[in-house]
Amino acid sequence: MFQAYFESLKYVGHLLPVSFLRIFLGYFYIEQAIKDWNSHVIGSSQVSDLLLEVVGKANMPYWYRLFLSEHLLPHWNIYAFILVGVQLVIGFSYVIGYVVRPTSVLAFIFCLNYLAISSSSHEFFFKLMIACHLFMAWVGAGRCLGIDYYFYKRYRGIWW
Amino acid sequence: MKHFLFLIATVFSGLIIVFLYHDDTAVTKDGSVLKIYAADSFIAKWGPGPVLKDIYEKQTGQKIIFIEMSDPQLTFQKMNFDGISAIGDVITSLDQYDLIRSKDKIKWKKINSDIDPQFSAILPHRNDFENLIAYNWAPIAFVARNNLNSELKSLDDLFKPELKNKISLEDPRTSSPGLQFLIWVMQTRSESEAVQFLKKMNQQAHSYSAGWSAAYGLFTNQQTDLVLSYVTSPIYHLLEEQNSGYKSIEFNEGHPVQIEFAGVPDTCQNCEAGLKFIQFMQTPEAQKIIMSKNYMLPIYKPAQEATAFDTIKIYKLLSKPLPTKDEIQRWLNIWSEIRKGEG
Chain A
1097 MFQAYFESLK YVGHLLPVSF LRIFLGYFYI EQAIKDWNSH VIGSSQVSDL LLEVVGKANM
1157 PYWYRLFLSE HLLPHWNIYA FILVGVQLVI GFSYVIGYVV RPTSVLAFIF CLNYLAISSS
1217 SHEFFFKLMI ACHLFMAWVG AGRCLGIDYY FYKRYRGIWW
Chain B
735 MKHFLFLIAT VFSGLIIVFL YHDDTAVTKD GSVLKIYAAD SFIAKWGPGP VLKDIYEKQT
795 GQKIIFIEMS DPQLTFQKMN FDGISAIGDV ITSLDQYDLI RSKDKIKWKK INSDIDPQFS
855 AILPHRNDFE NLIAYNWAPI AFVARNNLNS ELKSLDDLFK PELKNKISLE DPRTSSPGLQ
915 FLIWVMQTRS ESEAVQFLKK MNQQAHSYSA GWSAAYGLFT NQQTDLVLSY VTSPIYHLLE
975 EQNSGYKSIE FNEGHPVQIE FAGVPDTCQN CEAGLKFIQF MQTPEAQKII MSKNYMLPIY
1035 KPAQEATAFD TIKIYKLLSK PLPTKDEIQR WLNIWSEIRK GEG
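Line order of the protein sequences matches chains A and B.
Counting with our numbering, you get residues 1097 to 1256 for the letters of the first sequence.
Counting with our numbering, you get residues 735 to 1077 for the letters of the second sequence.
Treat the hints with care, as some may be off.
To be verified - Each pair of labels, with its calculated beta carbon distance range:
hint	chain 1	residue 1	chain 2	residue 2	range
1	A	1120	B	1035	29 to 39 Å
2	B	879	A	1224	32 to 42 Å
3	A	1160	B	951	35 to 45 Å
No lab work stands behind these hints: they were computed from the structure.
None of these values were measured; they are calculated from a predicted model.
C-beta atoms are modelled at their ideal positions from N, C-alpha and C, and glycine is treated no differently.
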């Protein structure tokens, strides 16, 4: 597996810039997860600023507001834990290049949700992230400098 | 698929183990940690927070944790939501308008203070803010380079043709100087005149930045000739850059004032330490630090004696009653509508 990791440079070296972007995004997600872990999971019970902003938004579908205010906010600690977990899954997957394609789809859904709830000032950022995740899924970014190359060589298929 | 599920299971198992073995009760419940909500300018490396923290920790043996507060209104909402489990023993970086807008949202502990700041003149409605302690203040003013080729005496002079696209302003929805400017305009004119003024200003100003630092950056990068800031801003250039080429400009209307307050919310967990910290903020030593890092005037006047801050001319201040929460909201709505119309 270790050999295949570097061997990928020889056979799919043209994907190296994509790998750089993938590893950078992974680092970003891990950093974000650590920050959220400290402030939302172990640090205190403080609710995310973004969610409070969302609940106060006027143009929010009724069912979504109800879900946020009745289910998500009262059990914020559990949701914060899941949120951090998802961020870590994306982060680790991108950094080591393991199951990047399905993870990109997960990250895409994750960002799509944020895009729906965030204010217009964050909209561009989440659109850009969505584009990056789709790009990762499309090219199979884990195949260069990633563990996915090892599995791709053996099993092929859309997962790698 | 099984690989993907394996990754998810591994990460979540790891998280659960870390969570179960993490013990945070030791630092939060023994009363040795003081949690302080503050604006990023207060807790940044160059702000007064880190220096005050060092001194206070040495003096009392209590640890301080700063929590960045991006928007005071959101912080209050958060504390309301969390109720008795809310964190935060002290909240700083609140100006008078933050407090007006959050009047019913949060209750404060009573604070005894020996210092009676020279303050009633600055803010006549002091009683509206009982249980909160002011720690610095400064009048708002336009700041320019000394070589500005335009004589300005009032807000109306901002429309001089040579200043077209040369004025940096701040967005009143996101910046306290921006809100001060909006209130300044609204309180010195009738509402219809103020609306006309704001419409005209939309055409005249270079931009409305989201925060003070972005607006000031445009000014220091020479993209604009005038910026809405504080009368103390030229002192920053003098002390930090040895550059005396900046001035603040006096306007006939009188100048609004920004006063920053700190308080201990009723939901505090380490209340005694919170009260002690606020009293510490009023000591001469802390006042000097806050003045020299925040570039605002101290509430304890002797702290500024024999310093560059003592040379600052205090302009005539705007003597208008404080607007109500509803008035502020209505003015913000008017401003937003004008902006939308222009956009």
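Outcome for the supplied range 32 to 42 Å, where the beta carbon pair is residue 879 of chain B and residue 1224 of chain A: Cβ of residue 879 of chain B to Cβ of residue 1224 of chain A: about 37 Å, so the range 32 to 42 Å holds.
Residue 1160 of chain A versus residue 951 of chain B beta-carbon gap, inside 35 to 45 Å or not: Given a distance of about 37 Å, which is inside 35 to 45 Å, the answer is holds.
Pairwise beta carbon distance, residue 1120 of chain A to residue 1035 of chain B, judged against the given window 29 to 39 Å: Violated - the Cβ-Cβ distance for residue 1120 of chain A and residue 1035 of chain B, about 52 Å, lies outside 29 to 39 Å.
In summary, the structure is inconsistent with hint 1 from the numbered list given earlier, while agreeing with all the others.
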